[in-house]
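In case you want the letters, here they are:
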Amino acid sequence: MSNAPLLEMRNIQKDFFGNQVLTDINLTLREGEVLGLCGENGAGKSTLMKILFGMDVIRETGGFGGEILLNGEKVEFATPFEALAAGIGMVHQEFSLIPGFTATENILLNREPQKHSVLSEVFGERLNTLNRKEMDVRSAAAIERMGVHIDADMTISSMPVGHKQFTEIARELSKEQLKLLILDEPTAVLTEKEAEALLESIRNMSKRGIAIIFITHRLHEILAVCNKVVVMRDGRVVQDVPAAETSVSEITRNMVGRSVETGGNTREVRDVSGLRTMMSIRKLWVDMPSELVRGVDLDIKEGEILGIGGLAGQGKLGIPNGIMGMYEAGGTVILDGEEIPLGHPRKCLDASMAFVSEDRRGVGLLLDESLEWNVSFAAMQIQNKYLKKLFGGLFTWRNERAIREVTEKYVDELAIKCTSTKQKAKELSGGNQQKICLAKAFALEPKFLFASEPTRGIDVGAKALVLEALRKFNRESGVTVVMISSELEELRSICDRIAIVSGGRISGILPATASSEEFGMLMVSQVV
Amino acid sequence: MLEKKDNNFNSPSKLNDELKSTITPAAAPSKLQMREMGPLRAMAASFGLPRLIIASFLLLMFIVAPFVGNDFWTQISNVINRFSWNAILVLAMVPMIHSGCGLNFGLPLGIISGLLGATLSIELGFTGPGSFLAAIAIATPIAIVLGGGYGWLLNRIKGGEMMIATYVGFSSVSFMCMMWLLLPYHSPTMVWGFAGKGLRTTISLEGFYSEVLANFLAIRVGENFKIPTGTLLFIALMAFLMWAFLHTKTGTAMTAVGSNPTFAKAAGVNVDRMRLLSVVISTWLGALGILVYEQGFGFIQLYNAPFYMALPTVSAILIGGASVNKASIANVVIGTFLFQGMVTMTPTVMNSVIHMDMSEVIRVIVSQGMILYALTRKTEGGGR
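Those protein sequences? They're chains A and B, same order as listed. Going by the working numbering, the first sequence wraps up at 529, each residue one higher than the last. Going by the working numbering, the second sequence wraps up at 851, each residue one higher than the last.
Each statement offered as a hint is correct.
Mimicking DSS-like on lysine-lysine, the simulated pairs with C-alpha atoms at most 27 Å apart in a straight line are: (1) B:793 to A:386; (2) A:390 to B:732; (3) A:410 to A:389; (4) B:716 to A:386.
Just so you know, these hints were derived from the structure itself, not from any lab.
All chains should be built: construct the whole structure from the sequences, respecting the hints.
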């Protein structure tokens with residue numbers, strides 16, 4: 002093996018229709034090195050990886066400038082298949098798994114070990130049967146190499162989201178020729194424990210000589226596993242240093258070009274024990290796949306921000322989804338002295354509750370409709386807002402102007418980046434989509450808000466804005482907020498109290514100032 | 468290595484969206500792209516290339532027609548007439564597309580409601596324009612009941628609506644084939660002459676409501692040119708009502724249900740009720756549509772006739788630029804005009820060119836070809 006680095010990218014340039022998105026990117030990566038790539042959404046990380054991976058979209062939009070060298074030789078991948086053949090693997094932010102297949106089948110899809118049979122001898126290889134035993138062995142080996150246990154026989158559709166991510170990684174690991182693995186925000190959907198396991202498996206892979214490009218918004222993870230850190234901002238590399246020589250605050254500063262308050266240390270934590278109970282939940286059970294709630298008793302005080310944390314799959318997401326009627330549920334929920342019937346989203350909304358779903362694209366948004374529709378729809382349907390009456394009340398008509406005004410108001414307030422309020426929701430970036438989801442809930446002017454994973458998969462800057470918006474909403478409008486998140490730090494930065502869910506039950510409620518160890522103990526106390 | 472395939476090929480649009488959002492969150496790429504393309508191509512892209520090709524072909528037919536001995540004005544008049552017969556039927560597709568129930572292949576159910584209205588109106592002794600109003604009045608409750616049942620069924624098989632709808636349409640037509648014979652109709656204008664019972668396959672509307680709408684304010688120029696103003700006004704009224712409905716609170720909810728049912732559910736909308744409502748409206752418009760068709764055509768066609776109504780209607784709206792879950796009034800108008808124009812003009816012109824009576828063969832080839840084409844294309848122009 003020569004001394005040439007495994008991967009070298011020189012002077013990479015890319016523009017989309019005259020809009021320069023990458024300028025003079027230079028990267029080098031040696032065997033076994035772990036490179037942490039960070040930057041805000043829109044900084045150009047994904048485009049850079051698409052260029053490296055030979056995605057069609059790059060060629061369709063006019064190709065790119067500069068060159069890519071693999072082991073000292075210039076390469077240009079026309080399709081992702083060539084990149085795969087050259088030993089580059091990629092785990093995408095969005096899953097590409099077949100829901101009805103098991104983990105093993107997905108890991109080895111189209112590369113299954115096969116058995117010859119009489120039929121295949123006669124009619125050719127296509128009639129070979131799968132060698133299930135060998136498949137089990139290989140997928141077990143790949144899972145083993147990853148160092149995180151997942152059930153190889155479970156179908157993807159019934160897996161919690163974290164396990165789907167691990168299945169994707171195991172699939173890349175099961176390839177023999179893998180030399181370079183790109184992980185695009187693999188930990189965004191993982192709980193802290195799972196993320197920790199992933200970091201460990203990154204270290205293992207790197208020991209085996211696999212180079213890794215690790216894209217993440219969780220900066221401490223980068224410092225924990227990476228050899229070097231590359232920070233991008235506005236299509237340029239603004240920092241390229243060994244990980245040992247930098248810090249989270251320095252990276253953050255470089256990413257956003259300004260200093261972001263990490264928060265959490267200086268703020269007040271209000272004592273809520275004297276406040277009136279706003280909602281009391283008794284014996285709540287929710288049948289949400291992989292987020293079963295088995296019996297939750299919880300009192301939520303008026304005007305507080307209550308955090309609900311816990312490991313993935315323990316049921317923290319089931320609580321808001323069950324109460325808001327998205328999944329079958331039972332038990333009693335009393336809001337302001339009135340019982341809320343479960344299983345009726347309409348009744349909850351009528352009772353002045355609102356819900357920001359963790360499933361932005363599936364539940365939270367009308368992707369194909371305008372921002373105006375997304376923001377105004379719920380308030381229009383529930384509270385008859387933004388309607389005008391025609392012919393003496395014979396018809397109720399959409400009041401397009403009122404709809405535009407309210408949307409513009411929230412676009413300003415939440416600093417949503419969009420070309421106009423008529424833009425389709427699917428065209429926005431994740432962070433901005435999330436803000437639209439918040440705007441939708443705010444437009445209902447609720448007195449009680451469930452925000453389920455409001456910061457999942459969005460960048461640092463957007464995250465701070467979303468949390469600030471929630472805090473402001475709580476402080477200024479006196480709205481009781483229940484925020485569910487897998488990131489404890491995030492909960493601690495905004496909540497007054499934090500309830501930890503474990504095994505489908507509340508294992509304890511602590512003030513936000515309690516130590517991480519105490520929370521950690523609660524998280525694992527009743528794990529099932 | 469194929470497992471990466473679904474990443475790259477299954478969802479090119481997803482990738483594009485991702486790109487748009489990550490690269491240029493503040494600029495609209497589609498507009499950028501259009502600017503790059505220049506005004507002509509941008510216009511073509513926004514109108515949809517296939518629609519442009521069909522429109523040009525139709526235009527070519529109009530130009531060629533006089534040279535091969537067809538009277539130009541007769542042809543224009545024909546196309547406008549065919550448009551006026553069919554537009555309401557095509558409009559009936561809109562509500563179900565909006566609510567996410569897909570294309571209404573079960574249109575024959577609505578048509579049967581209309582046929583029952585028509586025949587009962589005559590049986591009960593209504594004549595002249597009154598028989599048209601009576602037919603609508605009788606067809607309405609039938610359409611609501613049948614549409615209700617049909618909607619209830621579609622709510623139980625979410626995801627497979629179009630398949631089930633096709634069979635609902637077919638089986639209802641077959642069932643009615645028996646009923647037309649067995650129902651105790653007695654009106655001498657409708658029953659078989661010798662037997663004195665059982666309805667004829669074709670019933671003339673002369674003296675009933677033949678051309679009641681078409682003759683209202685009709686514009687006649689010479690012998691061969693006539694614009695059925697009344698029918699066009701009626702179509703405009705129905706289209707306006709549909710447009711207005713889609714702008715009401717309920718209409719908005721219906722569109723949201725089609726766009727993302729889970730979102731609608733989370734926003735407190737009763738998804739099943741919206742879908743049911745859309746099916747009922749669709750069925751009722753189907754009933755109304757066939758009555759308008761009959762008044763223009765001058766005959767009631769029974770038995771197997773409704774079989775062949777759904778596919779051309781579906782094709783028309785698809786050619787108009789609608790997709791399986793997005794449709795606008797413009798899609799209806801453009802699609803009906805293009806489709807009916809093609810199936811009217813092509814056989815006539817071809818016949819004159821080759822001097823042989825091939826019209827039926829050519830009509831079948833053209834109309835089925837259009838259907839095939841329409842069903843294979845998804846969403847260019849207008850749609851999304």
